[in-house]
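Undergrad: Protein chains in written order, with my numbering: chain A, 1 to 252; chain B, 1 to 252.
Hints are not guaranteed to be accurate.
In silico BS3-like links for lysine-lysine, alpha-carbon gap of 25 Å or less [said to hold, decoys possible]:
(1) B:K150 / B:K91
(2) B:K187 / B:K155
(3) A:K155 / A:K121
(4) A:K91 / A:K187
(5) B:K155 / A:K187
(6) A:K91 / A:K121
(7) B:K141 / B:K70
(8) A:K91 / B:K141
(9) B:K150 / B:K187
(10) B:K121 / B:K150
(11) B:K91 / A:K121
(12) B:K121 / B:K91
(13) B:K155 / A:K121
(14) B:K141 / B:K205
(15) A:K121 / B:K121
Stretch by stretch, here's where chain B covers chain A in the computed footprint (C-beta under 8 Å, at least three residues) [as the list claims (entries may be wrong)]:
(16) 17-28
(17) 34-45
(18) 49-62
(19) 110-118
(20) 126-138
Facing chain A, according to a computed beta carbon distance under 10 Å, are these residues of chain B, among others [claimed, not checked]:
(21) A26
(22) Y56
(23) G57
(24) A63
(25) H100
(26) A115
(27) A118
(28) T131
Keep in mind the hints are simulated off the structure, nothing from the lab.
Please read all numbers here as calculations on a predicted model, not as lab measurements.
From the three backbone atoms N, C-alpha and C, an ideal C-beta is built for every residue, glycine too.
Protein chains: 2
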Amino acid sequence: MSHLRVARSTDGIHFEVEGLPALVAATAYEGFGIEDPRITQLDGVYWITYTAVSNYGIGTGLASTTDFRKFERHGIIFPPPNRNVTIFPEKIGGQYAALHRPMPEGLGQHSIWTARSADLKSWGSHRVVATPRETGWDDTKVGGGAVPFKVHFEKEDGWLAIYHGVTGTPPVYSLGALLLNRYDPSKVRGRSREPILVPEAPYEKEGFFGSVVFTCGALNDGDLVRVYYGAADGVVAVADLSLQEILSGLVA
Amino acid sequence: MSHLRVARSTDGIHFEVEGLPALVAATAYEGFGIEDPRITQLDGVYWITYTAVSNYGIGTGLASTTDFRKFERHGIIFPPPNRNVTIFPEKIGGQYAALHRPMPEGLGQHSIWTARSADLKSWGSHRVVATPRETGWDDTKVGGGAVPFKVHFEKEDGWLAIYHGVTGTPPVYSLGALLLNRYDPSKVRGRSREPILVPEAPYEKEGFFGSVVFTCGALNDGDLVRVYYGAADGVVAVADLSLQEILSGLVA
Chain A
1 MSHLRVARST
11 DGIHFEVEGL
21 PALVAATAYE
31 GFGIEDPRIT
41 QLDGVYWITY
51 TAVSNYGIGT
61 GLASTTDFRK
71 FERHGIIFPP
81 PNRNVTIFPE
91 KIGGQYAALH
101 RPMPEGLGQH
111 SIWTARSADL
121 KSWGSHRVVA
131 TPRETGWDDT
141 KVGGGAVPFK
151 VHFEKEDGWL
161 AIYHGVTGTP
171 PVYSLGALLL
181 NRYDPSKVRG
191 RSREPILVPE
201 APYEKEGFFG
211 SVVFTCGALN
221 DGDLVRVYYG
231 AADGVVAVAD
241 LSLQEILSGL
251 VA
Chain B
1 MSHLRVARST
11 DGIHFEVEGL
21 PALVAATAYE
31 GFGIEDPRIT
41 QLDGVYWITY
51 TAVSNYGIGT
61 GLASTTDFRK
71 FERHGIIFPP
81 PNRNVTIFPE
91 KIGGQYAALH
101 RPMPEGLGQH
111 SIWTARSADL
121 KSWGSHRVVA
131 TPRETGWDDT
141 KVGGGAVPFK
151 VHFEKEDGWL
161 AIYHGVTGTP
171 PVYSLGALLL
181 NRYDPSKVRG
191 RSREPILVPE
201 APYEKEGFFG
211 SVVFTCGALN
221 DGDLVRVYYG
231 AADGVVAVAD
241 LSLQEILSGL
251 VA
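Same shape as in the complex, but just chain A (with noise of 0.2 Å):
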């Protein structure tokens, strides 16, 4: 069943995988597992989502650590249909920010919201960020990825989100980025036109579910973007993009 493990590396691209699970599957929420965590740091403490799937759906968990050898619960933060969590790094006009992505079905599409918050475990002020396009690799659905982090393009900061986009049958999940603005995160100033990663390894192409590049974390040192992404739901590969590319590939 899916769980967490801490994986530890001095490199950032050699790990070593501990042999014990770090969380695994422990309330009514999560009777078939949970997967995809995304990390944050704020305030020396790292607070990790989560997708907590059961017969009661797909929800986003909240956990926290400071060592990554304890961990406390904070029970479900988005209910179900909810998943790709991504708490911003710092606090944003006083309030806690997230990207999340529900899920409707018939009305409304898999799109990325933002939340605000007061103390990470109640959210509210809903609002929509990015919705699917018809650009032939995000017209189905969008939803968070890393951890947004800050940049500076156009005389003014921003956060860089990279999210992941969908389209076609089978699905194909490929990554872009969105440039948000860096006091109201749900106004976009720039989006990918073109993904900035899609599957083209074979280890991408073909595995437990094919052709998926999809992250949930990655790196920022100058121009280098390091990141992290499952690849075909069956192994966690690493690419090290830049950021200048990213930012000149954006439109309106």
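Got chain A; can you put chain B on it based on the hints?
TA: For chain B alone, kept in the frame of chain A given last:
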């Protein structure tokens, strides 16, 4: 387009509907209208939850008023797909509480959940209260109806929540009751084995959406439970029920 109007009455039976709307669609989340208001009085303010329907899906918005003439909007408090939100009429354990009804498809059913809040605008601590049962009347969907009210039963206070249950194709909407723990409304003390109201009258069986009784509000005075409800999505009707009869029909 669906909107909300004020209706006034001196006896609770004969109403005069105001000539002009009170709340009309006004945001991107209300593009197809607003529906199903539930009103809770807290500290002199009337808090109105309502279903907001748009291309973004079906979510729940919050508005408030003190005089039913001037209204203030507070945004989307439960993002799509989520409706049937009722706020409890007092704080429970120091926090506000609500019932809500997420609408997962595939994995999960349309079930009643609780959430908690410090300010009525941000919600967390999401927990399942009641899922559909194999009873023949609430086996497909369940959702909150009237704002819960406090009752005394078997030597303990509790919250009585009148909810709707759905069965069949085409669907039939009936009403039942949940008795919830006074201090933790996610805990169910009892639930109607049989419905307390089913579509029987011609105006309940035939209309815009036939075979529907659907409540957004009820009054309790002694043994009287006066239920106001939409009938066949065409008219508003009223039924007087006995609290003792409702309570005696509860099963574990």
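Undergrad: All hints, please: hold or fail.
TA: Evaluated hints:
no.	hint	result
1	B:K150 / B:K91	holds (12 Å)
2	B:K187 / B:K155	holds (17 Å)
3	A:K155 / A:K121	violated (34 Å)
4	A:K91 / A:K187	holds (16 Å)
5	B:K155 / A:K187	violated (54 Å)
6	A:K91 / A:K121	holds (14 Å)
7	B:K141 / B:K70	violated (35 Å)
8	A:K91 / B:K141	violated (39 Å)
9	B:K150 / B:K187	holds (15 Å)
10	B:K121 / B:K150	holds (23 Å)
11	B:K91 / A:K121	holds (18 Å)
12	B:K121 / B:K91	holds (14 Å)
13	B:K155 / A:K121	violated (34 Å)
14	B:K141 / B:K205	holds (19 Å)
15	A:K121 / B:K121	holds (13 Å)
16	17-28	violated (count 1)
17	34-45	violated (count 0)
18	49-62	holds (count 7)
19	110-118	holds (count 6)
20	126-138	holds (count 4)
21	A26	violated (15 Å)
22	Y56	holds (5 Å)
23	G57	holds (3 Å)
24	A63	violated (14 Å)
25	H100	holds (7 Å)
26	A115	holds (8 Å)
27	A118	holds (7 Å)
28	T131	holds (8 Å)
Hint violations for this structure: numbers 3, 5, 7, 8, 13, 16, 17, 21 and 24, all remaining hints satisfied.
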